[in-house]
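With these hints in hand, go ahead and build the complete structure from the sequences.
For reference, the chains in residue letters:
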Amino acid sequence: MTTPAGRPARRDALLLSVRGLKVYFPVRNGSLGSASNSLRAVDDLNFDIAAGETLALVGESGCGKSTTGNAILGLVDRTAGRILLDGREIGGRSREARRPLCRDVQIIFQDPFSALDPRRPVGESVGEALFLQDGLRGAALSRRVGSLLEQVGLPASGAARYPDEFSGGQRQRLVIARALALEPLLIVCDEPTSALDVSIRSQILNLLSDLQERLGLAYLFISHDLLTVRHVADRIAVMYLGHIVEEGPLEQVFEASRHPYTQALLSAIPLPDPKQQRQRRAPPLPGDPPSSIAPPAGCPFVTRCPDAEPQCRRTPPPLTRRADGRKLACFVR
Amino acid sequence: MIASPNLSSVGAAAPLFEVERLSVAIKGLSAVEDVSFAINAGQTMALVGESGCGKSLTALAIVGLLPDVAERRHGTVRLMDHLLSELAPESLRAMRGTAVSMIFQEPAASLNPLMRVGEQVAETLVVHGRATRPEARATALGLLAAVGIPDPEIRARQYPFELSGGMCQRVMIAIALVAQPKLLIADEPTTALDVTIQAQILDLLRRLRAEHNTTLLLITHDMGVVSDIADKVCVMYAGRIVEEADVEALFERQYHPYTRLLLRTIPTLDGRRKTLLPTIRGNVPDLAGWPKGCRFAPRCPLADSRCALDAPPLVALDSDPQRKSACWHAEKVMERIR
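Line by line, the protein sequences give chains A and B.
Residue 229 in the numbering used here is what sits at position 229 of the first sequence, and the numbering runs on without skipping anything.
Residue 192 in the numbering used here is what sits at position 192 of the second sequence, and the numbering runs on without skipping anything.
Keep in mind that the hints were calculated from the coordinates and are not lab data.
None of the values given here were measured: they were computed from a predicted structure.
This list has only true hints and no planted wrong ones.
Calculated lysine to aspartate or glutamate pairs in the DMTMM-like style (CA-CA distance at most 20 Å, straight line):
(1) B:Lys232 with B:Glu188
(2) A:Lys275 with B:Asp231
(3) A:Lys275 with B:Asp203
Some chain B residues well away from chain A (every beta-carbon gap over 10 Å; in silico):
(4) Arg21
(5) Ile26
(6) Leu29
(7) Ser56
(8) Ser85
(9) Gly97
(10) Glu106
(11) Ala109
(12) Leu114
(13) Glu123
(14) Leu141
(15) Asp187
(16) Gly293
(17) Leu302
(18) Pro313
(19) Asp320
Using N, Cα and C, we set each Cβ at its ideal position, and we do this for glycine too.
What follows is the structure, encoded as C-alpha cells:
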C-alpha cells in the first residue's frame with residue numbers, strides 16, 4: 001500500500017465518522033410556491049467507517065442511502081450534522097474545508113454511460129484530476145494514466161479511445177480508474193453494478209475487492225441488492241425512511257437479523273433456487289413506505305410493522321447498541 | 001371483434017400458446033433468430049436473458065407491437081386456434097386485451113397521466129364490452145380491490161402520479177385482466193420496483209394464476225424471479241434460445257455453458273464474504289457483432305473449432321429427452337465447468 005506522508009495507513013483505524021447527519025429538502029406547494037414543508041431524506045444518521053473496510057448502506061428507493069453518499073461527497077448541502085474524515089471536518093463551504101474531499105473521497109456512480117464525457121478520449125477523463133490537482137503533464141501524465149488503466153484490467157493503449165468504443169463493464173472500469181487517480185482513502189460506490197449485465201457484475205465486484213485488498217481502500221457501498229452486498233461488505237447498515245434501523249457485521253445481519261424491516265427485506269429477496277425459494281417464501285410485507293414529507297410520528301416502520309405496539313406510534317426508537325454488538329432501532333426486539 | 005375462441009377445435013394435448021421459428025430484424029440486422037417455444041394452459045414460462053438478447057423483442061413481435069425499426073422476418077405465433085402471426089393489424093389489435101394482454105416494466109409510463117386510474121380501468125371495461133358505462137365504475141372498483149389496492153374508492157379517483165410504482169403496476173394488471181385474457185405477457189414487471197414491492201406483485205401474479213388459470217409469459221433478467229414464479233424456462237443469449245427446461249431441472253443441472261456460468265456468477269444468500277465470484281470472461285456481443293457459429297463461443301471455456309463455425313441447433317438431448325440445449329458439448333457442461 002502506498003501512503004503519502006501524513007495519511008493514515010493503519011487498517012481498521014477510524015476513517016470516517018458521520019454524526020447527526022440530516023439532509024432536508026424544502027418542498028414547495030401552494031399557489032405562492034412558498035416552502036412550507038420539508039422532505040426528510042436523511043434524518044439523524046450516525047455511523048463510522050474504518051480504514052480498509054466496506055460498509056454497505058442498503059435499503060429501498062427513497063430511504064436516503066444515495067443522499068447520504070452525496071452529503072459525504074459534498075454534492076448536497078446538509079441541514080445538520082458533522083462529517084469527519086480522519087478527524088477533520090470535511091465539506092462545508094470554504095475552499096480549505098473542501099480540499100480533502102477532492103483527494104481523499106471519490107465516487108463511482110451507477111451509470112457508467114453518463115459518467116464519462118463522450119467527446120473526450122477516456123485518458124483525459126481518467127487523468128483530469130492528476131492534471132488539475134497534481135499538475136502532471138505530458139509523458140508523466142500519460143504514464144500514470146496508462147498504469148491506472150492497467151490497474152483496472154484495461155490496456156494502457158485504451159487511453160486514446162472514446163467512451164463509445166467501450167462496453168458497459170469496461171466503462172465502469174474506466175470510472176473506477178478515474179476514482180483511483182488521486183489515491184483516495186474512501187470511495188463511495190453508489191450502486192456500482194446495478195446498470196450492468198448480470199454476467200458482467202461479478203467482474204466489477206471482484207475488481208473492487210481486489211483493489212481494496214491491494215490499496216487498503218475503504219468503501220461506502222450503497223446498494224438495494226442484498227445478494228451483491230453479501231459478497232462485498234464487512235458491515236451493513238439497513239436504512240428505512242431516512243433512518244438506520246439496524247447495523248452490524250455482515251454475518252450477523254444476514255443470518256440473525258432482528259429488526260422486523262431487515263427480516264422482511266431479506267425474506268422478500270427471491271433466491272435463484274426454486275426448491276429453496278418455495279420453502280422459504282413468506283407472505284409479503286404489506287403496503288408502501290410512507291412519504292418522507294409526512295413520516296409517522298413514532299418509528300418510521302410502524303405503518304407496516306407486524307409487531308408494532310402503542311409506544312412505537314408515539315416516539316421514534318433510538319439506534320442503540322445491544323449486548324451482541326449490533327445496533328438496533330426497535331422497542332420490541 | 002374476434003369470435004370467442006373455440007377450444008374444442010384444438011386437440012387436448014396441443015399447447016395453448018406456440019411460437020415457431022420466430023425471427024426479428026432491426027435495421028436489417030438479425031436480432032431474434034429462429035425462436036421456438038410452447039406454453040401449456042395455466043403454465044408460467046420465463047424467457048430469461050441479459051439486455052439485448054432479444055427477449056423483449058420476442059414479446060413485442062408476438063403481440064404485433066414491434067417498433068418501426070424492427071420487422072418480423074418469419075415465424076408463426078399461435079394462441080389456441082388463432083394464428084396471431086397471420087392476422088391483419090386491426091384483427092390483432094382486437095386480440096390484444098381480449099385473448100392476450102401485456103404489462104410492461106414502467107407501469108407509470110404505461111398509464112395515461114391525465115386520467116384518473118379508476119376511469120382508465122372503467123374505460124377498458126367499456127371498450128371490451130365487459131360493462132356498460134353506468135356499471136363500469138363499480139366493476140372497476142371491484143377489479144382494483146381484486147388486485148390488492150387498498151381503499152379502492154379513494155385510489156380510483158387519483159392520478160397515476162399520486163400512486164406508488166407498485167400501486168401503478170397493480171392498476172396495469174387490473175387493466176390487463178379486464179377481458180380475462182388467455183395469455184398474459186409480463187415484460188420485466190417487477191424490475192422497476194423495490195424488493196418488498198416486487199414480492200407483493202409476484203404474490204399477486206401467483207394468486208391470479210391460481211384463480212383464473214391464466215397462462216403467463218414472463219420476460220426477465222432475474223434468476224431469482226424465475227425461480228420464484230416460473231414453471232418452465234427458456235434461456236436466451238444473443239438472439240437465440242440456448243437452453244429450455246422445467247425450472248427445477250434447470251437450476252439442478254445445466255446443459256448449456258452460458259446457463260451454467262450465469263447461475264454460478266449470481267451472488268447467493270449463503271455466499272461467503274470477500275470471496276471472489278466466478279465470472280464469465282468477455283462481454284455480451286452486440287447486434288452488429290454477433291459471432292458466427294455459436295454466439296457464446298468467444299466467451300465459452302468449452303468452445304472448439306466446430307463451435308466457431310457451426311451454430312448448434314436447440315435440440316432434445318439423447319440422454320435426457322425432457323431437456324433441450326443448443327450446444328455441441330451439452331453432455332459435458334456439468335462435468336467440465338465446475
